[in-house]
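Asker: Since the structure of chain E is provided, determine the placement of chain R on it from the hints.
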Amino acid sequence: MDGKKIVLSINGKEITCGLNKTILDVVRENGIQIPTLCDCKNLAPFGACRLCLVEIEGIPKLITACSTIAVKGMKIRTESERIDKSRRFIVELLLSDHPFDCMFCEQAGTCPLQDLAYEYGMKNIRFPGEKRATITDDTNPFIERDNSKCILCGRCVRVCDEIQGVGAIGFIDRGFQTRIGTPFDRNLDCEFCGQCVASCPVGALTAKPSKQKGRIWQTRSVKTICPYCGCGCNLTLHVRDNKIISVTSDPDTLNEGYLCSKGRFGCDYVHHPDRLQYPLIKKDGQFIRSSWEQALTLVAMKFKEIKEQHGNDSLAGLSSAKCTNEENYLFQKFIRAVLGTNNVDHCARL
Amino acid sequence: MAGLATAFGSGAMTNSIAEIAGAETILVIGSNTTEAHPIVGLQVKKAVKKHGAKLIVADPRPIDLTRLADIWLPLKPGTNVALLNGMMKVIIEEGLEDQRFIAERTEGYEEFKKVIDALDLEETAQITGVSVSLIREAARMYAQAEKASILYAMGITQHSSGTGHVLSTANLAMLTGNVGKESAGVNPLRGQSNVQGACDMGCLPNVLPGYQKVSDAGVLSKFENKWNVPLSNKPGLTVTEMFHGALTGEVKGLYVMGENPMLSDPDLNKVKKALESLEFLVVQDIFLTETAKMADVVLPAVSFAEKEGTVTNTERRVQKMNKALESTGEGKEDWKIIKDLAGAMGYAMHYPAAENIFRELSGLTPIYNGITYERIDPHGIQWPCPSVHHPGTKYLHHRRFSKGLGKFSPVEYTPPAEIVDDEYPFILTTGRILFHFHTGSMSRRVFSLNEISPEGFLEMSAKDADYLGIESNEEVVVKSRRGKLKVKALVKKNFLAGTVFLPFHFHESPANILTNTALDPVAKIPELKVCAVKIEKIKK
Numbered sequence: 001m002d003g004k005k006i007v008l009s010i011n012g013k014e015i016t017c018g019l020n021k022t023i024l025d026v027v028r029e030n031g032i033q034i035p036t037l038c039d040c041k042n043l044a045p046f047g048a049c050r051l052c053l054v055e056i057e058g059i060p061k062l063i064t065a066c067s068t069i070a071v072k073g074m075k076i077r078t079e080s081e082r083i084d085k086s087r088r089f090i091v092e093l094l095l096s097d098h099p100f101d102c103m104f105c106e107q108a109g110t111c112p113l114q115d116l117a118y119e120y121g122m123k124n125i126r127f128p129g130e131k132r133a134t135i136t137d138d139t140n141p142f143i144e145r146d147n148s149k150c151i152l153c154g155r156c157v158r159v160c161d162e163i164q165g166v167g168a169i170g171f172i173d174r175g176f177q178t179r180i181g182t183p184f185d186r187n188l189d190c191e192f193c194g195q196c197v198a199s200c201p202v203g204a205l206t207a208k209p210s211k212q213k214g215r216i217w218q219t220r221s222v223k224t225i226c227p228y229c230g231c232g233c234n235l236t237l238h239v240r241d242n243k244i245i246s247v248t249s250d251p252d253t254l255n256e257g258y259l260c261s262k263g264r265f266g267c268d269y270v271h272h273p274d275r276l277q278y279p280l281i282k283k284d285g286q287f288i289r290s291s292w293e294q295a296l297t298l299v300a301m302k303f304k305e306i307k308e309q310h311g312n313d314s315l316a317g318l319s320s321a322k323c324t325n326e327e328n329y330l331f332q333k334f335i336r337a338v339l340g341t342n343n344v345d346h347c348a349r350l
Numbered sequence: 001m002a003g004l005a006t007a008f009g010s011g012a013m014t015n016s017i018a019e020i021a022g023a024e025t026i027l028v029i030g031s032n033t034t035e036a037h038p039i040v041g042l043q044v045k046k047a048v049k050k051h052g053a054k055l056i057v058a059d060p061r062p063i064d065l066t067r068l069a070d071i072w073l074p075l076k077p078g079t080n081v082a083l084l085n086g087m088m089k090v091i092i093e094e095g096l097e098d099q100r101f102i103a104e105r106t107e108g109y110e111e112f113k114k115v116i117d118a119l120d121l122e123e124t125a126q127i128t129g130v131s132v133s134l135i136r137e138a139a140r141m142y143a144q145a146e147k148a149s150i151l152y153a154m155g156i157t158q159h160s161s162g163t164g165h166v167l168s169t170a171n172l173a174m175l176t177g178n179v180g181k182e183s184a185g186v187n188p189l190r191g192q193s194n195v196q197g198a199c200d201m202g203c204l205p206n207v208l209p210g211y212q213k214v215s216d217a218g219v220l221s222k223f224e225n226k227w228n229v230p231l232s233n234k235p236g237l238t239v240t241e242m243f244h245g246a247l248t249g250e251v252k253g254l255y256v257m258g259e260n261p262m263l264s265d266p267d268l269n270k271v272k273k274a275l276e277s278l279e280f281l282v283v284q285d286i287f288l289t290e291t292a293k294m295a296d297v298v299l300p301a302v303s304f305a306e307k308e309g310t311v312t313n314t315e316r317r318v319q320k321m322n323k324a325l326e327s328t329g330e331g332k333e334d335w336k337i338i339k340d341l342a343g344a345m346g347y348a349m350h351y352p353a354a355e356n357i358f359r360e361l362s363g364l365t366p367i368y369n370g371i372t373y374e375r376i377d378p379h380g381i382q383w384p385c386p387s388v389h390h391p392g393t394k395y396l397h398h399r400r401f402s403k404g405l406g407k408f409s410p411v412e413y414t415p416p417a418e419i420v421d422d423e424y425p426f427i428l429t430t431g432r433i434l435f436h437f438h439t440g441s442m443s444r445r446v447f448s449l450n451e452i453s454p455e456g457f458l459e460m461s462a463k464d465a466d467y468l469g470i471e472s473n474e475e476v477v478v479k480s481r482r483g484k485l486k487v488k489a490l491v492k493k494n495f496l497a498g499t500v501f502l503p504f505h506f507h508e509s510p511a512n513i514l515t516n517t518a519l520d521p522v523a524k525i526p527e528l529k530v531c532a533v534k535i536e537k538i539k540k
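Which chain is which? The protein sequence lines are E and R, in order.
All letters in the first sequence, in the order written, are residues 1 to 350 by the working numbering.
All letters in the second sequence, in the order written, are residues 1 to 540 by the working numbering.
The shape of chain E in the complex, shown without the other chains:
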């Protein structure tokens, strides 16, 4: 594989890397940080935010690291006064058209723009001009869009097209008027997978069911598996006060961090008031609240009675494709070892 390696230098240090990688990839592989806003795993390079600008010896202009392939002998600088000035200027321009409402924004705490503004200490913006109006799409129950916060990185547009293959949203108009929207500004009508929400770096796209439920630092996160179909997507449940307030997924999983509408928005049933709270025994056609002891004693007695009167095979059990392996194992063990029959099945056929 040696033939497929190239040597170049980053910040004066000689580095060996593979072919056909972007400068950004190589830089990151070597543990060097470059700020980005439009870069997103699995999406094609876009070069929109201009934050990843680097200097390359022999090229007069600054070059975007995300969309430039690293080649042999390149001498790259990721830090310099010129780069720093340029990055600060870009952040300042973004902030000049961004509402300073981090105290209300759902993204606070996970927002890279907020981090950059903090890092650069950018309280006073030199460009007080016009700001884009807040245009929100509020017609669906999943996703809220606030274009005044949008930085036009295009991550939502690209994930919807490149990954989801839906293309529900796109760039509309040009220049200062540019915004993200649906064809003819109709209400969003899509698969509501929320890939756009997950890829939005700022608070322009947020999950409506999570609104005002809690900030990232107020939650605890627990990794688990989606309870719906058989794909086995990995979920991260964000929990506050014993409530699931939002669901995300790590990119480093079999589902690459992508979810469907059920996985991303469908865990609320766990908190539904219809949840059964205690055992019930039917008397004269009505359910009566009972204790565990009463209920289990009754079930054990009835099962024994039927077993004795009609034989083991007059009993049967249906297990659950939504329960764990441990529970399914124990269920069939119960049916086979305790009830003494192989009458056990589940809904695999349905």
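Read the hints as simulated data drawn from the structure, not as lab findings.
All figures in this text were calculated on a predicted structure; none of them were measured in a lab.
We put the CB at the ideal spot given by N, CA and C, even for glycine.
Check the hints yourself; a few may be wrong.
[To be verified] Part of the chain R face toward chain E, derived, beta carbon under 8 Å:
1. P38
2. K45
3. L189
4. G197
5. L204
6. S303
7. N313
8. Q319
9. L434
10. M442
11. E451
[Claimed, not checked] Which chain E residues face chain R? A few, computed with CB under 8 Å, are given here:
12. C260
13. K282
14. A316
Answerer: This is chain R only, laid out in the frame that chain E set:
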């Protein structure tokens, strides 16, 4: 599952989800992948959009994937076998079969070939409603790929001849050598978070955990020793047989854990009668489902977020579920309830935690032998994993099928159990939609999902709607020989005339009140995908 096990020796997906993106040709048959398995759907999209794979979709409905497909085969419901046989006829006629693979890795080819040789493609076209030229084109596209993958779901299995449908997909893969290698294989997509695991764990009437047969004396004594109790070697009843048994008085008591047959099973009126006939019904669930309402005792369980354990996904990957919430009521983990109930019946079970159960089951299940809680963190392990040093298995049947040689089976087309006639002139097919899941007991209780998709609908062609004078959104009555329901019509332009579709998630318009209990004789799967119905306009 029975079909693939016969052909290959294992009923599970041969490949991994991520391998789909590496296939050159993908045949999606009987699976509305982007709605029922959205994340698998993303891999199909990646294969086509990013890697230029060819996509063949065989489905009566113009499902979303047909937009991306190179070829859409709009076959009549229930005619998969005829279509696949037709494709294989073309492959053999044109010499596109993989003779070396057939000779070295399979058996039963000559017997199988007789059925194919006897076919007339014109007749195939007539049965399936797909033209000979399209069948030819699809056959070539599939056979000429170096790596071809078949994805299927309940559109293949839920037929009275479902085992035959599955065997046909296996025949096609073996005929072209498209199994036992990366990104090529036969991939049944599992529909529930742990349906693979429930099968692996022996929640099936004929096998113990790990597909070890109850009729095998050696297997039985292994479990008898471990469980310290004599066991029955007589295979038990399947779901549909249990309900039949309840009606005949053979089955008196039923214990249901986390299932809702009152919406998911065919011919709901019959299911209801069966449950009413029982002497004693126990239902363990998190909601008072349609089935739980009929119970004598209801035991409250807890949800996935309130428990720890493992689940096995469609690609055989055993993954860890972790507890995120404390239970707010008196509900308990299902395994604790089973343990307590066993204790109440005089059989003591000692498990301090879920992991203790896992240790016992992995010891008894050869395909899980090498899996431990430590090893499945964080990415899971795909079975078979026979030892703690084994990395797990990405794709099955490499160099050798689980059963040795792959077995071709001669499969002839048999029509669905119920065919249309003058009184019931439409074929009804049923399925899932993106925003809901199974019987809706979970997804219908999610505010956002239920708001975007609050009610059922009947998809029908514009041609049929015109003929009956029905407009989109108009409420109609759908009747079969078993029941009737009211639902809104959703008229679709490129929908196959003569076919209608109902999702089965909605208790207000329960599709399964109409469906047929006709069973596949081997797999005992009911024919949920085809029954004859009539549609009536409601007189004002």
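Asker: Where does the structure disagree with the numbered hints, that is, which hint numbers, in rising order?
Answerer: Every hint satisfied by this model.
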